[in-house]
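Dock chain F against the given chain C, drawing on the hints supplied.
Protein chains: 2
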Amino acid sequence: MSHLFIRALKGEPVERFPVWLMRQAGRYMPQYRELRKKVSSFLEFCSNVKLATEVTLLPQHLLGVDALILFSDILVPLIPLGIEVKFVPGEGPLLNAPSPEGWKPFNPDEVSYVYETIREVKKLSDLPLIGFAGAPFTLGAYIVEGKTSRDFKEIRKLYHSDRETFDATMTKLVEMLKIYLTHQVKAGVDAVQLFDSWAYTMSPSMFEYYANKHLRKLFEYLKEEFPSTPVIYFFRGSGHLYPAAKRLPVDALSIDWTLELEKALREIPDKALQGNMDPTILYADEETVVKETRKLLNTVALHRKSRYVFNLGHGLAPDMELQKVKLLVETVKGFKLS
Amino acid sequence: MSHLFIRALKGEPVERFPVWLMRQAGRYMPQYRELRKKVSSFLEFCSNVKLATEVTLLPQHLLGVDALILFSDILVPLIPLGIEVKFVPGEGPLLNAPSPEGWKPFNPDEVSYVYETIREVKKLSDLPLIGFAGAPFTLGAYIVEGKTSRDFKEIRKLYHSDRETFDATMTKLVEMLKIYLTHQVKAGVDAVQLFDSWAYTMSPSMFEYYANKHLRKLFEYLKEEFPSTPVIYFFRGSGHLYPAAKRLPVDALSIDWTLELEKALREIPDKALQGNMDPTILYADEETVVKETRKLLNTVALHRKSRYVFNLGHGLAPDMELQKVKLLVETVKGFKLS
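Sequence order for the protein chains is C and F.
The opening residue of the first sequence carries number 1 in our numbering; numbering runs sequentially from there.
The opening residue of the second sequence carries number 1 in our numbering; numbering runs sequentially from there.
No lab work stands behind these hints: they were computed from the structure.
Everything numeric in this text was worked out from a predicted model, so none of it was measured.
Careful, some of the hints might be misleading.
Note: identical chains are not told apart, hence a pair may lie in one copy or across any two.
Simulated pairs of lysine-lysine, DSS-like, Cα-Cα distance not exceeding 27 angstroms [stated by the list, open to error]:
1) Lys305 to Lys295
2) Lys153 to Lys86
3) Lys213 to Lys295
4) Lys147 to Lys86
5) Lys246 to Lys263
6) Lys213 to Lys153
7) Lys246 to Lys217
8) Lys324 to Lys153
9) Lys336 to Lys305
10) Lys324 to Lys123
11) Lys213 to Lys291
12) Lys38 to Lys305
13) Lys263 to Lys153
14) Lys326 to Lys153
15) Lys153 to Lys295
16) Lys305 to Lys246
17) Lys153 to Lys291
Only chain C is shown next, with the shape it has when bound in the complex (with noise of 0.2 angstroms):
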């Protein structure tokens, strides 16, 4: 029999609902920074094959979570392509991309770490392995503006007064996006995760319009490559963007706390759903944190004995407790379904 976090996303029975949060491997965790501090760069951490499998592992005996995430960061395949990534502490990602005709094709191997680092893990650990990437948007929202922002104003510039290169840099993101995943999938992962952070800064309108032309060939692709490999979607503007992304080819989506989790049961009754806690709800006291999970739980559980899985609306934040994170786990697997 599978492991429960796969049943779950595959609506099969399940004897509770299964738990894995987003940046469960990260700086709130001592035993992270710790490992940080072995080299100097970030970029140099994601891609040393041993400290990153080390992290990857660290949620699974720190927090007992029922599913690991590839250590890695959405922008790594981006540096193959040509494209300049930076990590400058306190500051977030710079970039430095030229425009998507001058990309250089995207060669695999020169992040064949990543492939590394998921047999490595997987020979360590029987829990399923969640691959990721960043989706198209989010990364070109990142090239566009070529550093982190509170609007991304760039990439909607583009859409709106060149659409030509910007539907260049959405299909050519989904091309490297293809080849990418497949790389992880053959790896072995268990399941794939698509992050779109950015996504609430699109109109529905806009977001029909690149979810319909570029993000469903990426998602048809998976499912005619790999047809038992579950892939999740995550897309933050849950609220306003449900509508189209339900129409998507995916087996579930990880929607954020702007969207209502019992209207999300409601209204997306045949995909499994993932989240959506507002993370800051860890800042609460633990008896809070107890009864906002416990309700949460309750609510999923009158619409549904599976096809949820526990985790945050965004990722932990470096500020949170360990401790609180840990109950937080602990009280998603005390939870039963009868």
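Using the frame of chain C, we list chain F on its own:
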């Protein structure tokens, strides 16, 4: 007969839809940049009655808009509370605030330059003048965060971890806003807009709590004290927050592009609407700007012949072209309701 803008807000007959734009007097205008050079700090710029009056009036002749909006900043009324506010060029505002019990009672005379500017503008122009303030959540988000941010996590953290302080912060801000806006109305503004720019970071349930417990009190007060002064509530994140927002006692909702205008027209039939064009459409070529504007106006005209004010979903950006902004305004003014 009252002015087009006021008639449109009140649902009285109009021959065309009125237009004004958020940040219509701003850095994108060479004339604004010239005036800005006359003083060293941004706060000095806001508090200089002569300059603030000139800036407020700029869009009347340069754009031909149907309403003016007081030139000021939403953080201005925080200063009399004893909150330190600094504008650092290129960085945005920096704030330093004691906890709410340490705030000084709001003395409206400390920002008398705001009301003087209103009186000056009213002497020099026959256009309706919009007074404004930041909504309590957005002001609270700045106060608790201490600076601008992408996700304004600190205020949500406060909401979940210390509800008492969150409520005290909102309560004190609502009390300040009642006094501040009363003085603006008495000085002569014809309508009032509340800006909730960071509302989009809230979940629907958190927004509902805030809207019902705090925001509603401010709007009820304004409705009771000044029943003939239209009140507009601008909130970003309209796509997921409109179900609670549409129950607020305001005359108009100003929405962003996360809520399709067609849907807003259908689901909010009993309030005036303002917005919601994505400002980045202004980076497209002139033909596209005209086409998109007419498309939007046609959509509105299919649903209603009044109770709509053209605006963008957010403010104009410094890198926009004055000529294109003018074209946008002219396109709206050329669209006659038959």
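Here is what the structure says about each hint:
no. : hint             : in the structure
1   : Lys305 to Lys295 : within (15 angstroms within a copy, 45 angstroms between copies)
2   : Lys153 to Lys86  : both (21 angstroms within a copy, 25 angstroms between copies)
3   : Lys213 to Lys295 : between (38 angstroms within a copy, 22 angstroms between copies)
4   : Lys147 to Lys86  : both (10 angstroms within a copy, 25 angstroms between copies)
5   : Lys246 to Lys263 : both (13 angstroms within a copy, 18 angstroms between copies)
6   : Lys213 to Lys153 : within (21 angstroms within a copy, 33 angstroms between copies)
7   : Lys246 to Lys217 : within (15 angstroms within a copy, 38 angstroms between copies)
8   : Lys324 to Lys153 : between (36 angstroms within a copy, 18 angstroms between copies)
9   : Lys336 to Lys305 : within (10 angstroms within a copy, 56 angstroms between copies)
10  : Lys324 to Lys123 : neither (30 angstroms within a copy, 60 angstroms between copies)
11  : Lys213 to Lys291 : between (42 angstroms within a copy, 22 angstroms between copies)
12  : Lys38 to Lys305  : neither (44 angstroms within a copy, 67 angstroms between copies)
13  : Lys263 to Lys153 : between (29 angstroms within a copy, 24 angstroms between copies)
14  : Lys326 to Lys153 : between (37 angstroms within a copy, 21 angstroms between copies)
15  : Lys153 to Lys295 : between (37 angstroms within a copy, 22 angstroms between copies)
16  : Lys305 to Lys246 : within (20 angstroms within a copy, 34 angstroms between copies)
17  : Lys153 to Lys291 : between (38 angstroms within a copy, 21 angstroms between copies)
Consistency with the previously given hints fails for numbers 10, 12, ordered from lowest to highest.
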